[in-house]
Structures are given as structure tokens and as C-alpha cells.
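Q: Sequence lines, in order, name chains U and Y.
Under the numbering used here, residues 66 to 844 are what the first sequence spells out, in order.
Under the numbering used here, residues 11 to 340 are what the second sequence spells out, in order.
I should point out that these hints are in silico values taken from the structure, not numbers from a laboratory.
Predicted, not measured: the structure shown is a model, and the values here were computed from it.
Using N, Cα and C, we set each Cβ at its ideal position, and we do this for glycine too.
Among the clues, some could well be false.
Claimed, not checked - The following residues of chain Y were derived to be distant from chain U, with all beta-carbon distances above 10 Å:
| hint | residue |
| --- | --- |
| 1 | Gln92 |
| 2 | Ser161 |
| 3 | Ser218 |
| 4 | Arg290 |
| 5 | Val293 |
| 6 | Ala316 |
| 7 | Gly317 |
| 8 | Pro337 |
Unchecked claim - Covered stretches of chain Y, going by a simulated chain U footprint (3 or more residues, C-beta under 8 Å):
| hint | segment |
| --- | --- |
| 9 | 134-148 |
| 10 | 244-255 |
| 11 | 294-300 |
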Amino acid sequence: MRALPALMPTATLVSLVTAVPLLGTVVTGSGWWFPAVAMMVGAAAASALYRLTGWSATAVPFLQILVMTLLLTPLFAAHTAVLGVVPTSDTFLELVRVLERGIDAVDTGTPPVTGTAGVALIIAVAFGVIAMAADFLAVTARCPGMVGGLLIALLAVPLVVDDGGVAPGAAISASVGFLALLAVDVWLRGREWGILVPDGRDLSTRFLVGLRRTAVVGVSVAAAVLLALTVPLAVPSLRSDVIHQAADGTYIGNGPNGITIMDPLVSLRSNLNADSNRTLFTYTTDAEEPDYLRTHVLDEFDGVDWTMTPVEADRDSRVGDDLPLPTGWSGEPDGPTATTRISMDSDALGPDFLPMPYWPRSVEVSGEWYADPESLVVFTTDSPRTGLSYTVESASVTLSADELAETGRPRSVPGSFLWLPDDVDPRVAELTETVTEGADSPYERAVALREHFTQGDFRYDLSPPQVPEGGDPLVHFLLEDRVGYCQQFAGAMAVMARQADIPARVATGFTPGQRMGDGRWSVSTGDAHAWPELYFEGVGWVRFEPTPTDGQETATVPDYTEGEGVGEPEDEETERPETEPSADDERENDEPTDGPEGSAAPEDEETDETAAGADTESDSGGWAALVWLPVVGALLLVALPALARIAVRGSRTAALTGGSAAVAAHAAWRELRDTCLDLGVAWDLTESPRATAARLAAREAVPEEARAALWRLALGEESARYAPEPAAAPGAREDLRAARAGLVAAGGRGARFRAVLLPRSLAPWHRPRPDVRPAPTAA
Amino acid sequence: MSLGTHHGGHEGGVQANVGEIVTVADRVRGAIETVIEGKPEVLRVALTVLLAEGHLLIEDVPGVGKTMLGKALGRAVDCSVQRIQFTPDLLPSDITGVNVYHQDRHEFEFNPGPVFANIVLGDEINRASPKTQAALLECMEERQVSTDGQSRTLERPFMVVATQNPSDMEGTYALPEAQRDRFMARVSVGYPAPQAELDMIDAHSAHSPLDALAPVTNAAHVRDLADQVRSVHVAPGMRRYIVDLVNSTRTSPELRLGASPRATLHLVRAARAYAALDGRHYVVPDDIQALAVPVLAHRLLPSPEAGMERLSAEQIVAKLVSRLPVPGPQ
Chain U
66 MRALPALMPT ATLVSLVTAV PLLGTVVTGS GWWFPAVAMM VGAAAASALY RLTGWSATAV
126 PFLQILVMTL LLTPLFAAHT AVLGVVPTSD TFLELVRVLE RGIDAVDTGT PPVTGTAGVA
186 LIIAVAFGVI AMAADFLAVT ARCPGMVGGL LIALLAVPLV VDDGGVAPGA AISASVGFLA
246 LLAVDVWLRG REWGILVPDG RDLSTRFLVG LRRTAVVGVS VAAAVLLALT VPLAVPSLRS
306 DVIHQAADGT YIGNGPNGIT IMDPLVSLRS NLNADSNRTL FTYTTDAEEP DYLRTHVLDE
366 FDGVDWTMTP VEADRDSRVG DDLPLPTGWS GEPDGPTATT RISMDSDALG PDFLPMPYWP
426 RSVEVSGEWY ADPESLVVFT TDSPRTGLSY TVESASVTLS ADELAETGRP RSVPGSFLWL
486 PDDVDPRVAE LTETVTEGAD SPYERAVALR EHFTQGDFRY DLSPPQVPEG GDPLVHFLLE
546 DRVGYCQQFA GAMAVMARQA DIPARVATGF TPGQRMGDGR WSVSTGDAHA WPELYFEGVG
606 WVRFEPTPTD GQETATVPDY TEGEGVGEPE DEETERPETE PSADDEREND EPTDGPEGSA
666 APEDEETDET AAGADTESDS GGWAALVWLP VVGALLLVAL PALARIAVRG SRTAALTGGS
726 AAVAAHAAWR ELRDTCLDLG VAWDLTESPR ATAARLAARE AVPEEARAAL WRLALGEESA
786 RYAPEPAAAP GAREDLRAAR AGLVAAGGRG ARFRAVLLPR SLAPWHRPRP DVRPAPTAA
Chain Y
11 MSLGTHHGGH EGGVQANVGE IVTVADRVRG AIETVIEGKP EVLRVALTVL LAEGHLLIED
71 VPGVGKTMLG KALGRAVDCS VQRIQFTPDL LPSDITGVNV YHQDRHEFEF NPGPVFANIV
131 LGDEINRASP KTQAALLECM EERQVSTDGQ SRTLERPFMV VATQNPSDME GTYALPEAQR
191 DRFMARVSVG YPAPQAELDM IDAHSAHSPL DALAPVTNAA HVRDLADQVR SVHVAPGMRR
251 YIVDLVNSTR TSPELRLGAS PRATLHLVRA ARAYAALDGR HYVVPDDIQA LAVPVLAHRL
311 LPSPEAGMER LSAEQIVAKL VSRLPVPGPQ
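Pulled out of the complex, with its shape left as it was, chain U reads as follows (with noise of 0.2 Å):
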């Protein structure tokens, strides 16, 4: 095997390019990793030839140096070259004027960039300079476990570039070029040194073996599992969609490109009890009658706030030069577009998410911004500018009652539209039910909601009275005092819409504002506000204005909403569930079939303080899932020594009984020495079988019985180990019982504690060794 120094080298360079995938996130285009595969197989190749000859290694990276550099000329410049491969005077100019534009295209461009030629040197040359370093520590130094380390580093420019963080295939491919690379190194090692082989001549020391490996593994990966669980609950940089989506609401992203933000509906809230109506964007817009502007949508809905789902920052979400087609759109509106151009104030913070107008269409703006396709929402995962400026074009679509009114049951967007807490108290839906009477399609249900908040005794005022400890708000507020601002009337109506089978959400913005003298249109804190959207089939997400005009003076009611003459008077009436506690018996035939409340209807007799208390059973329910599992977790890694260590033992003790009186005399005294180890006493390799046996008995304590075991234990095991034919002993377990007995009673509390939870004799270091090696001799 001649071959066999080339060999490290070799799986040195496989297990680099497997992890070549790993840059496929952040760099486009087809063969820009091309030359880096080209640069390391001709850095291995310098490496693996020249160790064939078995010289000094010390020239190795000059070596790989100077081929690398010679390849680069044929790579990026050979036009340049003669032949293609002698570099010339131009060739370095060349390289040169490459790797500038390489760097222009990372600097200016956003990831993922596109695979030129620039940006392929770049690569190329790392990746060059990783085989040298990866060579030297694998080879060279024969630490082929160091180059995990090159790996992680590569693995970290995908996730720190990328939010869409690393393929897994790209992941699989480099950990198993990783791994082969260990698997030869072992290989190379067993032929060079020889591998230790566990002496497996009887069943049962194979046995402990592998179970000592199973538990080693088991443990390992215990470990792993529950540090990748618990970690990122400590950092919270670190958090997974998974947990964070259990945990807290309002995080948005994916991959440790996330960010955090304030909850919107409290910043509504601040920014509506600011003192100072501060002026936070002015913009020009060729729309006569401009719509609100949108920055927020919350689709979730807890049974007290309306909260976002986390919106997902990936490069498919990137805003390009369209934004994705609404929800419910067949295609592109035939009708004009208006362009709204918007500049944030300069000394306020610019926003994260876009105030826009609805429906937008494209978006021209500066910086990382993405779109969530099912809300139309802009937001960036980068930090706020001051001073923004941004065009939308936004499609004016003229919406007519008629045409809502001939809509049928939504069919086109998710069930989660439709989805409410169940403990939603059940007078809502009574409400909600008394105030849609007679009202056929979803349209009129809307319109009739919408009414009951507009023409009902519902009062507009920014601070509304405290809820009740323990009270529920929406309750409170539609049922009892009926006094709130923006957010009460939009989250209410969304929630009643949802009750009668329409898909709702909130959503958060600004109204159009004031307008100005010179055309434009100023928005100030005081113009945020909340309205609740309704979807209907075939025309999209639509717009409900429920808060009194009157309190919020810049807000507009889309004539849609208005009704097409459908809108019965008596909503006025019925807006109280208590004065028409009945409907008449068709009715309440129809109403399983609509909506939720039909289920709800039944627990009306239930009290809050017991659907509070389901409320948190239930909650708290998924919660102790996620709290009792590393809680059981690392019970089990604690009980798994003490339990491995009664493994080990139980086999020991069958071996007592039906196998050769050697077995079973070995197999008694290795429990014994592991006893004695799990007790911290000391076991000596140079003590002979009666000599530890007199050591042990002439220890304080240890009684009698105990004393004698020990001593037949000992004869037993002297005579399995050199006897000619060793003498069967019956009593070994009685004895080895006895003696173990005798030996934890004389041990202290601390000490036999330790020994249940803690055995030592389980971790290979604590084994006794000899101080010693006798030197080999020749037979």
C-alpha cells in the first residue's frame, strides 16, 4: 500500500467539496464553484503527490501555493496567457481588474449574489485557502477533527448572509464528507497503530461493551438533543420558528435573521394618546380620495388581542418589482393605478413595516424589503432609516355594494380566517347572531355588523374605562359600558365577522391624514389607526370602517359599506341580545350550519370564572409539554448512570449462574472491583485476588459474613485465573451479595449516594490502570 500517504489528502479534499453546497444559498448562477473545486483539487493534489515521496511536510504549503496560483491564470485570465496557461505581464492586471469587480458585486449587491467571474475568485481563493489550512490540519497535524471547524466556518456565512439559512441537502452532504473524512482517519490509524478490539470472549463481556458504547452514544445525543432545545430558549437570538411560534407571538422571521417587534397594537395605542400629534410622513398621491394607509395585519386572535403570525423574511418574499397578486385575484385589475409617493418624516424613526395603500402593487423603495404574499405587508429585517422615501403604485378599484352583495361563501383563503379561541364567551356569539339575523349572504352579515357599532349606542373615546380585573375585554366592551377606540370596534368586529362565517382580520395603519396646502398629505400620530378587513370571494380582502367617524375625524367609511338598502333598520334594535332573547325556530335550525357560535351556543350557562379557568388548563396544558420535557429529559440523563450501572450488574449476575466457573468467577470479581470503585475505594492492579480480598476485609465495618464472602469471591477468581482447570464456586452469588452488601454498609452516606447515582466504574477513567507498562518481552 504504497498509495496510503496520498490517502489523507484525498478525503481531505472530498470532504471540502461536499461542503462546497453549503454556499448555494448565498451565490446564484451556475459554475462559480467551478475554480474553488478546481483551486482544492490541485492544492490536494500537490499535497497527496508530493507525501508519496516522503519528505518533510514543512513544503507542503508552498507547494500548494505555488500551484494554486498557477491555476488561478488558466481559471479567471487565460485569454491573457499563452496558450491559455503561461501568465503574462497582463495576466496579474487582469486578476486584478476581476477581483475588483468581484468585490464591487458583494459589496454593493444583496445576497445571494450572483455567481460572476469576480465573485468566483473570491470564492475560489477562500476555498484555496481552506484546502491549505484543512491539508495541514488533517494531514500534516493529523487533527482531521480541526477541519470541522473550516466547516463551521463555511456554514456560517450562509446563515449569517442568508436568512434562508443553510439547504439541507448542502448541510448532509458536507456533515457526511466530514464524517468520511473521520472514518479514514480511524481507518488509516487501526492499520498504523492497531485498534483496540474489546476482548469479547464470552457473551456477556461483548454485551457490556456494546452497552457501554449504546450508552455512551445515548448520551451523546441526549446531550445534543437537549442543549439544541434548551439553548435557544436561553439566547433568544437564537430562537427557532418552533419554539418561538409557542411562545410568543409577535416574532417575526425565520432563522436567527429574525427580528422582534413591538407589539402593533400597543404601539397603536401609543401613538393615539400622544400628546403631541407629531407629523410622522407626508405624501403626494394622483388618487382623489387616497385610502388608508396599511402597515400591520393581524390574523390571530388569542380571546383578548388580535396578534400577527410571524411573517416569513426569505428570498422568495423579496419585494422585486411587483408585489404578489392579492388573495382572491384571478389577475391583474383592469383599472387605473395610483402612485402614492411617501417620505417619512426626517427625524423619525422610519418604520420596519410600510405604511402603504391598499391594494399595492409594486413598491419601488431602497434597502431589503419583503412582502408577505397573504397580507400584502412590507416589511425589512434591517434596522429603521431615518428619512425614507418609497413609491407605491396601488391598483383603485371601485367596489360597489352590488357587487359584495352577489359574492357567495368564501372558499379561496385558509380556515385560520375563520378560526376563533373556544373560549370566546358565548353572549358574542348570541350577539353577533342576533345582530346578522336576516341577513343572507356574508355582505349583508358585514354590513349588519358594521351598523351595530356606527348606529348603536357605542361611544368613541381614546380612554375607555378600565376592564374589570379578570374580565373579558371584548365583553366588557361590546356587552357593557360599549365605550372604545379604533382597536375595540376593529378587533370586535373582526371577531363577530368570524362568528358569521366571514374571513376577517385586522388591520393597523394610518388614515389618509390631512391634507395640505401645497397637495400634499401630512399623517401624524394622531391619524393611526385600526379597521377591521373582511374577505369575499372573487373580490379579495375589503375594508370595514365600524369606528364612529365622529371620534377618529380623518377616517373615511368606503361607500360599499354602506349597504345596498339591505341594511335593515331594526339592526338598531336587536343590537342587545337581552331584548331578543329568541329567534323563531328556522332560524336556529340554520344556525348550526353558519358558524362557530352554533357549538358555543350551549355553555351559555357556564360562568366566566370557569371558562377563564379551562382557558388556562388548556393553555397551560401545552405549555407543561414544553416545560416537563427537559424536565423528564434531564431526569432520564440523570437516572441513565445509575440505570446503565444496574444493566451492567444484572448481566453479571446471570453470568454467575450456567456459565464456565471461570465466567462466573470473573464476572463476580469485576463486580466487585466496580463496587469497590463506585465507592471510591481504591482497587490496585498490583494486589493479587486474596491480597485486595484482605484489603477489603480489613476494613472497618465490614461485617463477618461479608468478610468471608470477599474471601471465597477472591480464591474463586485466583483459582479462574491460573489454575489449570478452575474449581467450580456455587455460592457466588450468595457471596458476591454478601460482599457487596458488607462493603456499602461499611462505606459512608456520601459515598454510597455517589455510588447509585454516580457510578465511577462506568467511566473509563476511573478504571485502575497499571502506573507501569512491563516492558515487552521476547518470548
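The hints should help you fit chain Y onto chain U, whose structure is shown.
A: Relative to the frame of chain U, chain Y by itself:
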């Protein structure tokens, strides 16, 4: 490292010969103990050497019973005993014997010297000239006497019990290491314990207990037992252990001269006898550990560094033994 007890009952496969060895050895021991009390370890080594057909060197200050031990051993075994008092003017022929010319018969007749005996007591062997010492030691190794081209084999059992005073005493020629190597074991008798000395006063006041000592076995029996000792089992691990131990004396920086291959053979033979005396038909590490100092120490020369640390060869051997792992399960 005392193995004070017998455990013959435990080893199921005890062979009859081992039982017989134990019985005979106990009788001999009992007989000798009427003369020399409180020295069980010395007696055990002496019996070991007898059964292993080696030679014993007793080194101690005058008057502690070196000669008495040799004499008692000779008495207890009914066999021929000869005693040679080594003096500076002793000649080799005084040991081996001479050819005497008979004028009437006109022929030479061999007058055997004192070495023609089963047990030869060499008293104060280091007082003789090296030439005379060499004559005895040659007999010990070859177990034959060569005079005037004729070889005469010595009868088995043949055991030399030599006594010597510590080499730093006046008028002594220290035995060269090559010759010390011929002795299987060296023991020191040591001063008796106070109680043993008190008993001794009583025992020795009226008459010499040596006179009352009756033989408990005979030469033929001892020969037979020595043959049986050779069949005591030495497990491969134990052989390795012995070789490792001997080897460690050669590599130890504290020793200028290590043990010879002959020492290895002596150690194996002694270990077999020692095991048999304990009623076992196989050798255990404890046998080696007990015998390492008596069998090895007198062959070794501590290095100057060890001498500066006042480490004796016995201490160094004990240290080497304590460091060597015993052979584990196969």
C-alpha cells in the same frame, strides 16, 4: 505478605501429591521449630528451597542461629549431613575430596570430601578464599564433582546451606555476584522476638534441643516430593508475570545489575514449591510476591544513585513488585 492459612479444602481439584507435600512439610516445620522458634517465614523459604532443589544462603550477624537452622533441617530429614567450616586456609580439595595413592594396591583411591552429602552446611562461606568458594559453587551448580578427569555425581537431594556474615564484617571475602547467583534464595534469620528468646532460654538451658530432634522424613521421600513439585501448574499469565518482574530489575535505573535468566528459572522453581507448600497445585502472584525478595535481592547490585538514597536491593525489589500489575483474567 504472609499467606498464613491453608485453603486446600477450597480448590476442588487438589492433587494427592500436594496434600502429601503439605503434610511432610508441616512435620519438618514442626520438628525444626522445636529448635528455632518464631521464624516461620525463614523456615518456609528454607523448605521451599529444599523442595525446589536449590541452595540456600543465610546471611546474618553471628549468633542468631544460622548454623542451627541448617543443622536442624539436616536432622529433621533423615539424610547425610556434612558441615564445612570455611576458613581462609581451606583448600578446594578439602571440599571435593582427594585421590589418595594406595601403595599396597598401587592405585589411586578417591576419598570423597564433605560435599558428598545430601545437605552440606557451609559455615561462614565468605571467610574462605575465592578459589575455595569457587570449588563449592561449582559443585552446587553442576551437582557433580570432577577430580583428575573423573566426574562423580552427587546424590539427590543435594542442598547447600551456606551461612555468611555481612560482608562488611572483619576478615570476610564477599561472594562475587556471579556466585551469589548460584543460590536460589537468601534469607536473614534476624533476632528472635522477645518471647521467642525467653522460650529459647528455657529450651536450651537443660540440653541441646538439637539432640532430641528426631528425623520426620528421609532423603528418598524428599526426592520424591521434589519430583512432584515440578508438576505444579504455572499459568501463562504467571510465566509472563515472572518474566516481567525479572525484566523490570534489568531496566530499573536503581539497579546496576539486574537478575539473570537463571534467576528466572530459580523463581519459577521456588514458586512451584512455595505453592505446593501452601497446598495449591498452581502458582499465584502471591507466591511470586513472597519470593521476589528472597530469590532476587541477593543477585542485584543497586546503582550508585540508589546507594546514595540508601535503598537496599530488598527495598528496590519490593518496590518493583508493588508496581507490577498481577496477571488478570485470560
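Q: It remains to establish, for every hint, whether it holds in the given structure.
A: Comparing the hints with the structure gives:
With a least CB separation of 39 Å from chain U, Y/Gln92 remains clear of the 10 Å interface cut-off, as annotated. Distance check for Y/Ser161 against chain U: the nearest CB is about 35 Å away, which clears 10 Å, and the non-interface claim stands. Under the 10 Å C-beta cut-off, the non-interface status given to Y/Ser218 relative to chain U holds; the minimum distance is some 39 Å. Chain U draws Y/Arg290 into its interface by the beta-carbon criterion, the shortest separation being 8 Å against a cut-off of 10 Å.
At roughly 7 Å from the closest C-beta of chain U, the C-beta of Y/Val293 falls inside 10 Å, breaking its exclusion from the interface. Non-interface status of Y/Ala316 relative to chain U is upheld: no Cβ of that chain comes within 10 Å, the nearest being about 17 Å off. Distance check for Y/Gly317 against chain U: the nearest CB is about 22 Å away, which clears 10 Å, and the non-interface claim stands. The Cβ of Y/Pro337 does not lie farther than 10 Å from every Cβ of chain U; its closest approach is about 7 Å, which violates its non-interface assignment.
Only residues whose C-beta sits within less than 8 Å of a C-beta in chain U count toward coverage, and the segment 134-148 of chain Y has 0 of them, not enough to reach three; the restraint is violated. Coverage of a stretch by a chain is defined here by at least three residues with a beta carbon nearer than 8 Å to that chain's beta carbons; for the segment 244-255 of chain Y and chain U the count is 6, and the condition holds. Coverage of a stretch by a chain is defined here by at least three residues with a beta carbon nearer than 8 Å to that chain's beta carbons; for the segment 294-300 of chain Y and chain U the count is 4, and the condition holds.
Comparing the model with each numbered hint stated earlier shows that hints 4, 5, 8, 9 do not hold.
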